[in-house]
Amino acid sequence: MVPTNSLLLAIEAQKWINPLDQEQFRAALEASLVINQADQPTFERVYHRYFHQQIPVSLTQENQIFKLNLKDFTDQLRKEGDPVNHILADYIEGQTDGLMNRLGLIPLEPDHVPQEVDDPAKADRTPKARDSQKIHNRVRVLIELAEDFSARSFSMNREKREALTAYLRQRLEEAALLLDQNRPKPKAREILPWEKKRTLSSISFNQLTQQEIERVKEEVERLAQKLKDALSAKRKRTHRGHIEIKKTIRDSLRYGGVPFYIHHKSPSKTKGKVVALCDISSSVSYAAQFMILLLYRLQNRFSKIRTFVFIRHTYEISRYFEAYPMETALVKATKDHHIGMGQPSNYGTSFKSFLDTYESALTKDTTLLILGDGQNNFNNPMTEPFEKMAKKVERVIWLNPEEEKFWYSSSNSLRHYKPFCDQVIECATLDQLGEFTRNLVL
Amino acid sequence: MKLPQSVEEVAALLKGQNYISSTSTSTIVFLAIQMQRPILVEGPAGVGKTELAKSLAKGLGVELIHLQCYEGLDETKAIYEWEYAKQLLYTQLLKEKIHDLVRHEDNLSEAVKKVISVENAFFSEHFLLPRPLLKSITLGKPNVLLIDEVDKSDPEFEAYLLEVLSTYQITIPELGTLSAKVPPMVFLTSNAARDLSDALKRRCLHLFIDFPTSALESQIVRQKFPGLSERLIGRMVKAIGLIREMDLRKKPSIAETLDWAQALVSLQAQDLTPQDLTTTLGVIVKYQSDADQVQKKAALILEEAP
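Keeping their order, the protein sequence lines are chains A and B. Per this note's numbering, the very first residue in the first sequence carries number 1; after that it's consecutive. Per this note's numbering, the very first residue in the second sequence carries number 1001; after that it's consecutive.
Excised from the complex, chain B in its bound form (with noise of 0.2 Å):
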């Protein structure tokens, strides 16, 4: 694998896997790579924050990790567990090998000390069972660890993510300290849901990723949808424009965007007429409400976006 040697190789190779990004995410993503840092990606959902991980571990032909966050995520979902049961087993099966070591001891303290002499083998990396942030750290090779919606866990839970992502390391008590060999790029994304801590942030470059600028937009229309014409790609960019501008629960980013363009793809659609925005609605907006408004506008959207 060859990293990227500029800001330009990198927008290229997003580019490659059909994701189009500005210069301002594309230096962020060189910076974190040559500098080994993790970036914390915020913006309002559906703008490709989770997307720009995936396209980069692609581009890059590295394994992509993704830990999923939760209210309730604990160390034993995303770091590792101890795997008892496989323990057990063993323990079940080398029964009788133990009873042979500790046969010739005469008494009990003498016992004890011989077992916990080989205690360790069942404490060994053989019992772990690697969790998405241990399996990165001792993957041995680049990939791309992906923290999904990391606003979304619990404030304990960031305070496990420090260690990993300031040092590369993970310390397991009985095991000591695992070191990656090669530390993963890490995407932490956030919806911002709850404010995260500052050592969390501190420790970060910054990625805001916010709705397109229209003419990105047109340009990752394009690039997804090349059958489109250009008329319709100007005029639904237009018209979602319009649309993020008026007060809505939920405003359309550039995946309802895409949803939609392939929407009127599915629909044969040549031109934006009123009865396609009528029937594609659902695809743009997620609330009843919201949709009631943009109805009421319809006409006005589309007399604007000519």
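Isolated chain A, as found in the complex (with noise of 0.2 Å):
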């Protein structure tokens, strides 16, 4: 949405450039109207739909002889009788209404309206995109045909031809531009009735679309910088605690004994280590994906974070955040260890494969976070290295994104783990995800 004052400033700004210089006039809107670099790209879809219905003015500017070749062109295009020549032909004239009637860019009067569709099987063979393909096709054919009937237009000197023939292909081209803009996305999953009034911070991990999962990660960006605007508020009002009187004293005496400088203690600085265990198997990979995202951008807030994965064994993967972009670490991570995650994963070999190899990163002041729904496909629970691990460290939380209900089924072995740990949340949404992370750091 553009804000009322964006909307005056765009018209201000117009007074003071040179209206016809298509960069500057672009430039002056753009500079007014879009506050969100998020929003650019409909800026630019908007900028492109409107501004190319108006009358080119290279048009206005040509003679008669030009404009009488022109119409010839149109003539011969109309006397097809197809309608979509029609359309062409007075889109190059300049009168777009047609085309932008066709695309479904102009709304029609309202006994105009065709029937929705309920079949959505049948709704990518609607009239309107059959017509769109029909007249793409139309467009890339009439480029040839405009080239030739300009090469042959004799009553121009060959400068006015060139000029016909590129005014012509530009014509044809922004139709053909226009077009493919209105092409049918791909698309997205049907929205269940039942999840039509949740919004995307309560859906469950397990049911975003690759779309939403986009959406979601910039989210979690977002909720980071949330807590860290939260923390730094957090620092200032600790920072008003304790006075040091030493210091206070020593700098009064610089003002005749007045205390003018009071002195504060320096917060001491509670960072912990935080060592991450994340089930990868399919059925939780987002949700560990999210979390590893969140605590690695949160990351000045610990003095160390180290973050393992695993389905049978467990990896540490912690350098590929570091050397990578988010996006692309646990890709990487999985492909160089060959850790198919696909695979049924088995908590009790992986719990035992860590401390053998990992024990020296469980110190006491670490926090240890497991993320995994505990499902361990009947195999051995193997409780034993579990419990030494939680015996070693400051605490154990378990972050299980799947609901309550689903925890105790015979296959799922967190009941087996759930006495070592000091909490267990459920972590299946973004509310949920932050709210945990709030009260990890905070």
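These are calculated hints, taken from the structure and not from any lab test. Don't take every hint at face value.
[Claimed, not checked] Dumping the calculated EDC-like pairs for lysine to aspartate or glutamate here, alpha-carbon to alpha-carbon at most 16 Å:
id: 1; chain 1: B; residue 1: K1152; chain 2: A; residue 2: D229
id: 2; chain 1: A; residue 1: K228; chain 2: B; residue 2: E1071
id: 3; chain 1: A; residue 1: K226; chain 2: B; residue 2: E1071
id: 4; chain 1: A; residue 1: K226; chain 2: B; residue 2: E1156
id: 5; chain 1: A; residue 1: K332; chain 2: B; residue 2: D1247
id: 6; chain 1: A; residue 1: K273; chain 2: A; residue 2: E359
id: 7; chain 1: A; residue 1: K160; chain 2: A; residue 2: D148
id: 8; chain 1: A; residue 1: K228; chain 2: B; residue 2: E1096
id: 9; chain 1: A; residue 1: K391; chain 2: A; residue 2: E359
id: 10; chain 1: A; residue 1: K388; chain 2: A; residue 2: E435
id: 11; chain 1: B; residue 1: K1152; chain 2: B; residue 2: E1075
id: 12; chain 1: A; residue 1: K228; chain 2: B; residue 2: D1154
id: 13; chain 1: A; residue 1: K226; chain 2: B; residue 2: D1154
id: 14; chain 1: A; residue 1: K335; chain 2: A; residue 2: E316
id: 15; chain 1: B; residue 1: K1201; chain 2: A; residue 2: D39
id: 16; chain 1: A; residue 1: K391; chain 2: A; residue 2: D422
id: 17; chain 1: A; residue 1: K226; chain 2: B; residue 2: D1247
id: 18; chain 1: B; residue 1: K1114; chain 2: B; residue 2: E1096
id: 19; chain 1: A; residue 1: K228; chain 2: B; residue 2: D1151
Can you join these two chains into the complex? Each is in its own frame, and there are hints to help.
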């Protein structure tokens, strides 16, 4: 949405620039209307769509002979009698309503509104979709025809002939571009009725579509920033805590004993270590990605984060997150270690292999985070290694991306590990992840 | 000082300072000058956001007042502060005078009244320590105010900026409102480390400077290093373009391209050989993992940059 004062700004800006210079005009609009960088593509789309509906400037400047020749071409087009040709001829002459109408960019009169298509399978074959495909093919052929036509318009000199070719080509390519933008996009997953009222932050990670995953990632970034802001505010409050007497008195001597500058003790930073163990079998891999993303965005809050992933065996992948952008790190890590994400997980062997190899990672000031659904596929849970791990660290928090009612099924081993955990938290949505992280860092 | 009267004049003025701008950049700078609006410049690190403000100030021959933002920046560092020490010193020096003033008063309340009537002497501009924002507002002549990396400051600080940016005035409780006689040209830069508030964004014109096109980049390198051969510039710019397409932690921007050109000049390189690329790699990429990636594809990059 464009706020009113941005609009006023855009209008005011027009006073100062040369509106016939397209680049200046566009820059002025962009500078005042696009407030968020994310809106840039929308601006470009709307700009193109709107301003290419106008009669081109170049046409108004051309002479009569040029226009006559142009009319010749459009008349020949219309002779064919096909409505598509009429639309394109109009477009070339600068009347764009026909094409816009066909593309559905201009709302039709109410009694022309086509019947809603009930069967989604038929939706792709609506007259509109067929139509734009037809026009699209026609445009391609016409571009060649136009070049041929202008080359034979001997009533004009060579320069004008070239201008005509350029003009026809430009208009037809514009039409093609408009059509491309209106190609039906691949359909997103149908939103199920019970999901309709839920916002992105409360959809379970398991049910996200590919598009939503991208958006959740953005949300996670925003969440990380919010938490950082909250942390800095908290640090400031604590700064106003204890007075450091010695420093204050020493400083007051400069002002005749008046304590002008009150010095405070800088709050001790209680940064802890975090060791995160993530199950990355397919059922929970997204939840793992989001949690890791959030942890690393807040990494200066912890003295150290080490990340491990497991399915049947545990691997350390911390260095990947230090070296690569978040999006590629997990993919690279799993590829390098030949971890097949589709395999069933085995918690017992995973914890054992962790303890064998990385026992030194666990210290008294470590928070051990386990992220997994506990789905052990009837393997031996082997609680001993886990108990040992729990004893070595400050606290163990188990995050479960599954709803609590599934925690105690017979194939699930969470009930064996639960006695050794300080907390077991359901963490299936962005809201829950945010809540948990807030408690962890604040 | 003569303000530029057209977009072309802005471009020429910036070019005079070795800053090659795109049409959209010069248009927006021109608009900001004419409409007296702040510009919010966004874009990746090293594309010349800060340099734009510096070049404009230099080109116009006005003072550049620079406020570097950081986490924890507050109004006492950015706007103004009372000089306590100076105030205290003066009260000590003028003790006798104050004594004289209240000598003839019979009771305490009368004495207090007397002191209050002259307390303005201690809260005057004389004891005010102006920080960049106040300095820019009260300078009395045109200046460029650069609020650098505003996204690094805390959200509360943004609120302080709102008054300055929309009305070019600052309110000091003890003194009242100070308005700018000549409004400064304000540049805010941001690397998008966090989302700025809508209130702040609404008050600004927006300029997004992206990595330059290869033609613009060649022009910039040519302007700064006239001695470099065309062939070398072409190959460098092409190679940088290819490196930017790779999946790197920190993509090289125009600052890196210029550093690279400087390095190649110092090494007296005539052509871009694999050897040159290896020795100067540290100038282009800043992380070991990025360097490894580029190194691996070095042959391919040089082959594609004829």
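Tell me the hint numbers this structure goes against, listed in increasing order. Numbers 8, 10 and 17 - these are the hints that the structure violates, sorted from lowest upward.
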